[in-house]
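Participant: Take the given structure of chain A and dock chain B to it, following the hints.
2 protein chains.
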Amino acid sequence: MPYKLQYFNARGTAEPIRYLLKYGKINFEDVRIESSDWPKIKATMPMGQMPILECDGKRFFQSVAICRFLAKKVGLAGSNELENLEIDSIADTVVDLRLKIMAVSFGPQDKKAEGMKTLKEETVPFFLSKLNAIAEENNGHLACKKLTWADFYFAAFVIMFQFGAQEGEKVWEKYPALKKVKENVENIDEIKKWIAVRPVTDL
Amino acid sequence: MPYKLQYFNARGTAEPIRYLLKYGKINFEDVRIESSDWPKIKATMPMGQMPILECDGKRFFQSVAICRFLAKKVGLAGSNELENLEIDSIADTVVDLRLKIMAVSFGPQDKKAEGMKTLKEETVPFFLSKLNAIAEENNGHLACKKLTWADFYFAAFVIMFQFGAQEGEKVWEKYPALKKVKENVENIDEIKKWIAVRPVTDL
Numbered sequence: 001m002p003y004k005l006q007y008f009n010a011r012g013t014a015e016p017i018r019y020l021l022k023y024g025k026i027n028f029e030d031v032r033i034e035s036s037d038w039p040k041i042k043a044t045m046p047m048g049q050m051p052i053l054e055c056d057g058k059r060f061f062q063s064v065a066i067c068r069f070l071a072k073k074v075g076l077a078g079s080n081e082l083e084n085l086e087i088d089s090i091a092d093t094v095v096d097l098r099l100k101i102m103a104v105s106f107g108p109q110d111k112k113a114e115g116m117k118t119l120k121e122e123t124v125p126f127f128l129s130k131l132n133a134i135a136e137e138n139n140g141h142l143a144c145k146k147l148t149w150a151d152f153y154f155a156a157f158v159i160m161f162q163f164g165a166q167e168g169e170k171v172w173e174k175y176p177a178l179k180k181v182k183e184n185v186e187n188i189d190e191i192k193k194w195i196a197v198r199p200v201t202d203l
Numbered sequence: 001m002p003y004k005l006q007y008f009n010a011r012g013t014a015e016p017i018r019y020l021l022k023y024g025k026i027n028f029e030d031v032r033i034e035s036s037d038w039p040k041i042k043a044t045m046p047m048g049q050m051p052i053l054e055c056d057g058k059r060f061f062q063s064v065a066i067c068r069f070l071a072k073k074v075g076l077a078g079s080n081e082l083e084n085l086e087i088d089s090i091a092d093t094v095v096d097l098r099l100k101i102m103a104v105s106f107g108p109q110d111k112k113a114e115g116m117k118t119l120k121e122e123t124v125p126f127f128l129s130k131l132n133a134i135a136e137e138n139n140g141h142l143a144c145k146k147l148t149w150a151d152f153y154f155a156a157f158v159i160m161f162q163f164g165a166q167e168g169e170k171v172w173e174k175y176p177a178l179k180k181v182k183e184n185v186e187n188i189d190e191i192k193k194w195i196a197v198r199p200v201t202d203l
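Heads up: the protein sequence lines correspond to chains A and B, in order.
Going by full-length UniProt numbering, the first residue of the first sequence is number 1, and it counts up by one from there.
Going by full-length UniProt numbering, the first residue of the second sequence is number 1, and it counts up by one from there.
Rather than coming from a laboratory, the hints here were simulated on the basis of the structure.
Predicted model, so just to flag it, every value in this text is computed and none were measured.
For each residue, glycine too, the CB sits at the ideal point set by N, CA and C.
It is possible that part of the hints are untrue.
Residues on chain A that point at chain B, a partial pick, calculated with CB under 8 Å [unchecked claim]:
no.: 1; residue: M47
no.: 2; residue: G48
no.: 3; residue: Q62
no.: 4; residue: V64
no.: 5; residue: E81
no.: 6; residue: D88
no.: 7; residue: S89
no.: 8; residue: T93
no.: 9; residue: L99
no.: 10; residue: K130
no.: 11; residue: R198
Chain A with its partners taken away, still in its complex shape (with noise of 0.2 Å):
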């Protein structure tokens, strides 16, 4: 089954799929999109929207429902539905701050200014707090104790934290647990052969 991922160039929501496919060592096409072509790409997208898995001439969209589905198949999905349930929580809670963040950056820009405030003072501090507090009881995981999904799919965003919190490396001083989940995702053979040979973008 040879997987195509569709995306544009980009880390994005597409970053935590091509995370899941280096570590299973998984081959797959990392087809990029460059944005002058998506308007007239879009229109042929199952939701209008990427990131899209082909498989087998089938095409799958959502990126948390491909993560999911990706980590059965590697391995990094819970042992029972509960630990299921645990990582599900983990992975749309990272979801729900990444679209806060997303709705400032790319919202209104009369508005850009009171966000940022509230995202740098209360949004991106209250989140990575509960999520630092879970890390720390979870030994370095955001779930069961272990290494799963929900950890590489925090990771795979990390840039946009920091970029929430606009204080690059530093912010991870205040949350070593989340330090922590960050670092045993990146120090996987696999993660850190990918992040030294992928493409350099901003998002």
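Facilitator: Below, chain B without anything else, positioned relative to chain A:
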């Protein structure tokens, strides 16, 4: 395992959970928090959000994750991981639409008229026509050509999509396959009984 569900006195993101519990004839305490009490309760919640499903002293958060977990218990999940991917991608698409409607409804007042216009003329018709085409292919279901929790997740939010279209019941005339999805769920004995007795709320 006695379940306790905590949410506002509203359907909202708790309603698909209530549908699944009712469908499975699982007893639960349907705790409804008054909005005036929420500020002091918020700080005691795992992620500052509801719904919360409590069971054996553990508190679970994130409504979609809870639905997926319950769906497996009540026989509304997929029969393999490809089917689960299909179901999950539909549920998250319904979430996308819900969030777009919420962003306008609860967003800045000075952007509301413009936002409602976009919702009514573009966003809601785009999503509902895509989902209607899927429901047509799947014989009145949203995934896997059979009744799954994707149907429940959609059906529990129909009031919101009608609101987005501002046309009440009439919106379904344009989307006959989605009307079937809604009716397939609402005609299930346990759901019909629940709809007849549930508290009447605006949302």
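Participant: What are the numbers of the hints the structure violates, in ascending order?
Facilitator: Number 11 only.
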